[in-house]
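Q: Take the given structure of chain A and dock chain B to it, following the hints.
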Amino acid sequence: MREALEMRALPKILFVEIKLLLREKWPLLFVFALPVGLLLGFGAQRGATKPSADLGGQSGAEYIAAIGAGIALTALGLQMLPTVLAAYRERGVLRRLGVTPVPPAALLVAQVILNVISAVVVIAVLIMIGTFAFGTPVPERFPAFLAAAVLAMASLFGIGLLVAAVAPTGRSAQGIGLTLFFPSLFFGGVYIPRESMPGVMRHISDFTPLGAGLKALRDAWLGLEPRPLHLVIMAAYAVVAGTAAARFFRWE
Amino acid sequence: MTYETGGRKAGVNVAIIEVDGLVKRYGGQAAVDGVSFTVEEGEIFGILGPNGAGKTTAVECVEGLRRPDAGRVRVLGLDPHADGLDLRQRIGVQLQQTSLPDQLKVGEALELYASFYRDPCDWRELLDQWGLAGKRDAKFRTLSGGQKQRLFIALALVGNPRVTFLDELTAGLDPQARRATWELIKKIRAGGVTVVLVSHFMDEVEELCDRVAIFDGGTIVATDTPQGLIDQVDAERRMRFRPMAEFDVGILAALPGVKEIHRSGDHIAVTGTGDFASAVTGALARHHVLVADLRLDAGSLDDAYVALTGRAFEL
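For the record, the sequence lines run as chains A and B. In terms of the working numbering, the first sequence opens at residue 1134 and continues consecutively. In terms of the working numbering, the second sequence opens at residue 190 and continues consecutively.
Be careful, since some hints might not be right.
Claimed, not checked - Distance condition first, Cα-Cα at most 35 angstroms in a straight line; then the derived DSBU-like pairs of lysine-lysine:
no. : chain 1 : residue 1 : chain 2 : residue 2
1   : A       : Lys1152   : B       : Lys376
2   : A       : Lys1145   : B       : Lys448
3   : A       : Lys1145   : B       : Lys337
4   : A       : Lys1158   : B       : Lys375
5   : A       : Lys1158   : B       : Lys324
6   : B       : Lys448    : A       : Lys1152
7   : B       : Lys375    : B       : Lys328
8   : B       : Lys324    : B       : Lys376
9   : B       : Lys337    : B       : Lys375
10  : A       : Lys1158   : A       : Lys1145
11  : B       : Lys324    : B       : Lys337
12  : B       : Lys376    : B       : Lys448
13  : A       : Lys1145   : B       : Lys375
14  : A       : Lys1145   : B       : Lys328
15  : B       : Lys324    : B       : Lys375
16  : A       : Lys1145   : B       : Lys324
17  : B       : Lys337    : A       : Lys1152
18  : A       : Lys1158   : B       : Lys376
19  : B       : Lys376    : B       : Lys337
20  : A       : Lys1152   : B       : Lys328
To be verified - Covered stretches of chain B (in silico footprint by chain A; criterion: 3 or more residues with CB under 8 angstroms from a CB of chain A, positions within the stretch not fixed):
no. : region
21  : 272–285
22  : 290–300
Hints were generated in silico from the structure; no laboratory data involved. The beta-carbon is built from N, C-alpha and C at its ideal position, and this holds for glycine as well.
Bound-form chain A, shown alone (with noise of 0.2 angstroms):
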C-alpha cells in the first residue's frame, strides 16, 4: 500500500516536472535548439558529409551531431540538473514534500528521470537529422554508442548531483555548473578538435568526463571500439561523484 502510493505519486511528478521544464526559455534554447542548430548550420556546409582526416577520418557532420550531443549532456548535468535541485532545496519545495505522505526522494528521481529524457531525445533528433538530412550514419557500434552514452549521462550527471549538493542556493549552484560547464566544454573537444589539440592537452581531455565521453562516442558512431580508458574514466567519475552526492546531499 505505501509503496504503492509512492510509485503512484513519481509519474505524476515527472509529469509536472516535464510540464515545468517546456515552460522554461534557457534550457530549452542552451539543451535543443543550440545543438539541432549547430547541426544544421555546419551540416549543411560544403564538404560537411565527407569524411575528414583531420577529424580522424569522421565527417564534419558526424562529428558536429556529437559535439551537439556533448553540449546537452553537459548543459543538463552541470547546469539544468544542479541549478534545479538546490533552488527546490533552497525555496523549501523539498521540505514541504517532506510532510506529505511523498518523499522528498520522489522529486529528486523525478528530476534525474527528467534529464535522462531530455538528453536520450537530443541525441535522437541528433542522429535522425544526421541521418535524414545530410545522410549520416546511425551509430555502427550502437551497444557501444548506448553504453557510452550511458556513462557519459552518469558521470555528468553524478557530479551535478554533487554540485547540488554542496551548494547551498540555487543562484550557487548555477555559479559552480557555469565554473565547470565552460572548462568541460574547452577540454571535451567542443571549440577545438581533440585531434588539433597539442599532446598535454589530449591527455587531460582523456580524463575529463566529457572528453573521455565524446570521444567514446565519436568512435562507436564511426564503428570503432570506444577505448575502455575513456569508459572507466567516465564510470569512475560517476561513482565517486554519486557516492559523494549521496553523502552529502541535504533536504533542507
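A: Relative to chain A, chain B alone:
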C-alpha cells in the same frame, strides 16, 4: 493503529495531540527543553512566543520533520517517526518559508498534491472555497502574497486532514489580508478540522485560539484560554470617567482592588486589580454621582504575556 472516532461522546474532550517532556537540542543547546501540552479535537490551539522561543522546532517534532532527543509525542495516536507515513496521510501542514516552483500553476499544484493522499478532497472545490477559482491557470510566481497564503492553506487541506498545522500564516501580509486569513482559519475549524496555529502575533492568537501555550526560551510558561491567561495574571487595569458634578474621590480610595486615583482635568482615572470596576461603579451609584465617558481598558494578552515572561513582547 488507527485513531478511533466511533466512541467519541459530545462534551468529552478528546486529545488529538499529546506531547510529553519533548526535548530537542541543536549542538548541545536545547531549542525545546521539556515541553508538554495536549491539543483537543476541534479546537484552534495557539503556540505563541517570540522568534527563537522553540515554537517551530516543537511543532516540527510533532509533524515528524524532526526527531526529538527526548519525550513522547503522539498525534492521532500515532508516533510521528515510527508511523510517519500513516501520520502524513492524516495531517495537513503549512510550513514557514516554503514555496513552489515559479512556473507551476495553481491548479497543477493542487492536483499534484491531491494525488499524494489516499482520500483527498476535490481540489476544484478547494479552489472555489479559497477564492482561487480565477487563478487556476495562474503561475505561482504571479500570485500576490495573500493568494500564495490561500494556496498554501488549500494545499494543507487537500489531503482531507484531521489536524492542520499553520506556521506564521499571516507574517508579511497587510492588515486587511491578515483579517481575511483569520476568517479562513475559522472556516477550517468550522469544517471539523483541528488547527494548531503557530504565531508571534498577540492579536491573532487572542482572536482565533481556544487555548494558547506561551513559549519562552524553549519551555512553556503557561497554557490556558486567552481570557484565562489574562485573568490568571490579574494585571492592573484602568478605568476613566468624567463626573457630571464635583464629588469626594475619597469614597473610592477604600474600595477593594483600587490602587490609585488620578485626576486630570475633568477626568478621573482609577487603576486597580480584580473586580475593582464594579466596586467603583457601585460606589458612584450609591453616592448618586452621574458620570460620562466611562471607559474600562480591557486586560490584554499583551499584559498577560509581560506578566508571565517577565518582559515585554518583542518580535
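Q: Please work out if A/Lys1152 and B/Lys328 have their alpha carbons no farther apart than 35 angstroms.
A: holds (12 angstroms)
Q: A/Lys1152 and B/Lys376: Cα distance at most 35 angstroms?
A: Distance of about 34 angstroms is within 35 angstroms: holds.
Q: Is the straight-line distance between the alpha-carbon of B/Lys337 and that of B/Lys375 35 angstroms or less?
A: OK: B/Lys337 and B/Lys375 at ~18 angstroms, within 35 angstroms.
Q: Assess, step by step, whether the Cα of B/Lys376 is no farther than 35 angstroms from the Cα of B/Lys448, and give holds or violated.
A: The given pair, whose Cα atoms are some 43 angstroms apart, is violated under the 35 angstroms limit.
Q: Compare the distance between the alpha carbons of B/Lys324 and B/Lys376 with 35 angstroms, and conclude whether the hinted pair is satisfied.
A: Holds: B/Lys324 and B/Lys376 sit about 21 angstroms apart, inside 35 angstroms.
Q: Using C-beta distances, would you say chain A covers the region 290–300 of chain B, given that this needs three or more residues below 8 angstroms?
A: holds (count 4)
Q: Is it true that the CA of A/Lys1145 sits at most 35 angstroms from the CA of B/Lys328?
A: Holds, because 18 angstroms separates the two Cα atoms, which is no more than 35 angstroms.
Q: Does A/Lys1145 lie within 35 angstroms of A/Lys1158 when you go C-alpha to C-alpha?
A: holds (23 angstroms)
Q: Within a Cα-Cα threshold of 35 angstroms, do A/Lys1158 and B/Lys376 meet the stated pairing?
A: violated (41 angstroms)
Q: Please work out if B/Lys375 and B/Lys328 have their alpha carbons no farther apart than 35 angstroms.
A: holds (28 angstroms)
Q: Please verify whether A/Lys1145 and B/Lys448 have alpha carbons no more than 35 angstroms apart.
A: violated (68 angstroms)
Q: Would the hint linking A/Lys1158 and B/Lys375 be met if the CA-CA limit is 35 angstroms?
A: violated (42 angstroms)
Violation of the numbered hints given earlier is confined to hints 2, 4, 6, 12, 18; the remaining hints are satisfied by the structure.
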